[in-house]
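So for the sequence shown, full-length UniProt numbering puts the first residue at 1; every next one is plus one.
Hints are computed from structural coordinates only; laboratory data are not their basis. Among the clues, some could well be false.
[Claimed, not checked] Okay, derived cross-link-like pairs now, SDA-like style, lysine to any residue, Cα gap no bigger than 20 angstroms in a straight line: (1) Lys199 <-> Arg250; (2) Lys199 <-> Ala251; (3) Lys355 <-> Arg343.
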Amino acid sequence: MRHYAEARGVTRHEGRIVEVLRDGESGDVTALRLERRYSASSPPPVRAEPVEAPFFTSASPAESCPSTSSGRTEGGASTQGDTDTTKIPGDLFIDCTGFRALLIGETLGVGFEDWSHWLPCDRALAVPSARATDFTPYTRATAHAAGWQWRIPLQHRTGNGIVYAGAHLSDDEATAHLLANLDEPALDEPRALRFTAGKRRAFWRANVIAVGLASGFLEPLESTSIHMIQSAVERVLKLLPGRRIAEAQRAEYNRQADREMDRIRDFLILHYWANDRDAPFWRARRETPLPEGLAHKIALWRAAGQIVREEGDLFSEVAWLQVLAGQGVAAEGHHPLADRPGRAEIAEYLDLLGKLAAREAAQMPDHAAFIRQNCAAREEIAA
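Start from the sequences and build out the full structure, keeping to the hints where you can.
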């Protein structure tokens with residue numbers, strides 16, 4: 001993307017943000033000031049015809065100036081000491097500053113909606129281990145007393161981690177549990193992460209749009225973080241404003257982003273709620289009142305075995321079925337049309353499906369062979 005953007009006339013500026021400048025009347029962010037000693041600017045290549053750069057990038061010329069400010073702008077980042085800086089003006093800013101949320105949170109004061117009463121896991125440890133001998137084509141997630149552990153076989157190593165609630169499991173206990181349950185020898189010391197599940201109360205405020213961790217966080221139980229970044233980028237492109245931002249565009253962006261994150265949250269909560277474990281952590285998950293939308297989905301499933309996908313639902317009916325039925329949430333009724341085919345007809349149909357699947361599978365390479373043939377890394381994978 002960097003090479004494409006620069007070919008289209010976008011100038012890249014790298015640096016640590018030391019000040020956020022705002023318009024005193026509208027409250028919009030007008031510019032960022034970067035420390036020059038961290039700055040790196042790549043000029044666009046020579047072209048036969050000039051291409052006008054998108055106005056929301058840092059393609060406009062930067063202003064260089066010495067800064068001696070040691071205070072803060074209104075809600076902005078501080079600047080300390082005499083520092084040569086570069087000023088980057090802009091009309092629209094994408095906040096990708098991670099958990100800090102420098103623009104949307106610290107500068108504009110958009111609050112954070114905490115979901116830890118539904119999703120109380122607030123810590124994780126990650127550690128690589130040696131490459132697995134059984135190179136399986138799936139991630140394994142295993143529940144433990146206060147959360148879950150993942151295992152992801154990769155070409156040169158195996159990714160492992162443990163997600164847990166600090167109120168129910170100490171860091172030392174989590175480390176011991178993680179290392180004791182590795183299938184292969186650890187290659188490094190566990191790396192600690194801390195987080196809070198939740199979202200910003202607005203994803204787009206003034207002329208700032210939060211993307212990625214700046215917009216919120218959901219634990220990687222369904223590995224949705226990259227999808228939500230891609231979804232946000234597509235949403236920005238669809239609702240991209242002109243030189244003036246219309247409130248209707250901002251409201252629609254927030255509505256769509258809000259609904260998408262709520263639906264993903266509900267699917268994650270279902271994994272925790274549908275359990276029969278005796279540990280205090282898991283009992284609390286069953287007893288915590290559910291969000292209204294999720295409670296409705298479960299009630300509909302129990303009443304008639306029906307799954308209804310709503311606007312913003314990332315997960316398919318099959319995915320909901322796998323968790324509901326797979327984790328023991330029984331459907332007490334069913335649609336009357338399900339009674340039309342007889343048992344013999346159903347058995348014959350399922351037998352045919354099984355044979356077709358077996359025939360196709362027999363013609364396919366196993367996972368390791370497919371990787372070797374199509375996308376092998378430099379080191380060959382053991383068969």
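Okay, the hints, checked on the actual structure:
Taking the CA atoms of Lys199 and Arg250, the gap is about 17 angstroms. The hint holds against a cut of 20 angstroms. Annotation: proposed proximity of Lys199 to Ala251 holds, straight-line Cα distance about 16 angstroms (limit 20 angstroms). This hinted pair checks out: Lys355 and Arg343 have alpha carbons roughly 18 angstroms apart, not beyond 20 angstroms.
Figure legend: structure checked against the earlier numbered hints; every hint is met.
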